[in-house]
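J.: Sequence:
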Amino acid sequence: GYLEANHIELYLPHDVFEMVLAAKFPDQPETYQKNKDQFFTLHSLTACKEIEVGSFNVLPIKTDHLNIQHRSGKSMVESFGYIIRDTDNKIFCYLTDTPPELPKESYEALIKEQQIDCLVFECTFDHVPLNSGHSDIKGIIDIRQKIKPKRIVATHISHHNLGHKELEKVLTRNGIELGYDGMEIVV
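The sequence shown begins at 72 in this note's numbering and counts up one residue at a time.
No wet-lab data here; the hints were simulated from the structure.
All residues carry an ideal CB built from backbone N, CA and C; glycine is no exception.
Some clues are possibly wrong.
No farther apart than 20 Å at their CA atoms in a straight line, the calculated lysine to any residue pairs in the SDA-like style are these [as the list claims (entries may be wrong)]:
hint, residue 1, residue 2
1, 209, 199
2, 209, 248
3, 217, 174
4, 120, 179
5, 183, 163
6, 175, 209
7, 236, 246
8, 209, 233
9, 175, 185
10, 209, 226
11, 217, 186
12, 120, 84
Ranges of calculated distance between the beta carbons of each label pair, as one might list FRET restraints [said to hold, decoys possible]:
hint, residue 1, residue 2, range
13, 159, 253, 24 to 30 Å
14, 236, 77, 38 to 44 Å
15, 126, 203, 34 to 40 Å
16, 159, 80, 21 to 27 Å
17, 124, 252, 23 to 29 Å
18, 94, 198, 32 to 38 Å
Kindly generate the complete structure, drawing on both the sequences and the hints.
T.: Structure follows, in structure tokens:
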């Protein structure tokens with residue numbers, strides 16, 4: 072029926088996975104694992120621990136979007152970007168909800184890749200507000216210069232940025248494509 076044909080695989084940072092389980096099964100989170108009638112399957116992810124999804128290898132990396140600190144000093148909610156490798160060793164990276172400075176281990180994971188075929192990176196603002204968890208024009212230009220992907224596409228554009236034509240000029244001048252709704256990227 073409908074549920075089998077439309078089953079959804081959800082991959083979540085471990086802390087978000089735990090929050091979803093607690094919200095959906097507040098009395099007995101372990102019931103989720105036994106309930107086969109769900110229309111979704113939850114998968115817990117750990118930063119810098121590669122998983123296989125179909126024919127792809129996926130490496131989640133921290134983005135520090137919501138760098139909310141618990142009293143212990145530990146970040147309470149993780150957010151991830153992804154390094155995705157296909158069977159032909161083509162590498163696609165998707166990083167949104169990312170401040171201009173990536174966490175050290177995430178930056179190192181990106182640098183470790185010999186050649187990234189396409190990096191989709193956010194450019195929410197023209198100038199990033201302090202501690203917004205987002206990047207800006209300077210941030211995406213800097214990441215392009217540091218990572219040196221073959222292709223880079225700006226996404227996650229807000230109304231707190233330049234107008235479309237002006238932003239496209241600035242980005243194009245710096246070797247960056249401006250993404251748009253419905254854009255298809257072939258790697």
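J.: Does each hint hold? Answer for all of them.
T.: Verification of the supplied hints:
Distance restraint check for residue 209 and residue 199: the Cα-Cα separation of roughly 9 Å lies within the 20 Å cut-off, and the hinted pair is therefore satisfied. Pair hint residue 209 plus residue 248 holds up; C-alpha atoms about 14 Å apart against a cutoff of 20 Å. A C-alpha spacing of about 14 Å is found between residue 217 and residue 174, which places the hinted pair at or below 20 Å, so the restraint holds. Only pairs whose Cα atoms come within 20 Å are accepted, and residue 120 paired with residue 179 is accepted, the gap being roughly 14 Å.
For the proposed pair residue 183 and residue 163, the alpha carbon gap of about 14 Å is at most 20 Å, so the pair holds. Restraint check: the Cα-Cα separation between residue 175 and residue 209 comes to about 19 Å, which is no more than 20 Å; the hinted pair holds. For the hint pairing residue 236 with residue 246, the CA-to-CA distance comes to about 15 Å; that is within 20 Å, so the pair holds. The hinted pair formed by residue 209 and residue 233 meets the criterion: a straight-line CA distance of about 13 Å does not exceed 20 Å.
For the hint linking residue 175 to residue 185, the alpha-carbon distance of about 18 Å falls within 20 Å, and the restraint holds. Taking the CA atoms of residue 209 and residue 226, the gap is about 14 Å. The hint holds against a cut of 20 Å. With a C-alpha separation of about 12 Å, the suggested pairing of residue 217 with residue 186 holds against the 20 Å cut-off. At most 20 Å may separate the alpha-carbon atoms for a hinted pair to count; residue 120 and residue 84 meet this at roughly 11 Å.
Our hint of 24 to 30 Å for residue 159 and residue 253 holds, since their Cβ atoms are close to 25 Å apart. Taking 38 to 44 Å as the suggested C-beta distance range, the pair residue 236 and residue 77 conforms, at roughly 40 Å. Range check, residue 126 to residue 203: Cβ separation about 36 Å, and the 34 to 40 Å hint holds. For residue 159 and residue 80, the hinted distance range of 21 to 27 Å is satisfied, since their beta carbons lie about 23 Å from each other.
In this structure the hint that residue 124 and residue 252 lie 23 to 29 Å apart at CB holds, the actual value being about 25 Å. For residue 94 and residue 198, the hinted distance range of 32 to 38 Å is satisfied, since their beta carbons lie about 36 Å from each other.
Checked against the numbered hints above, the structure violates none of them.
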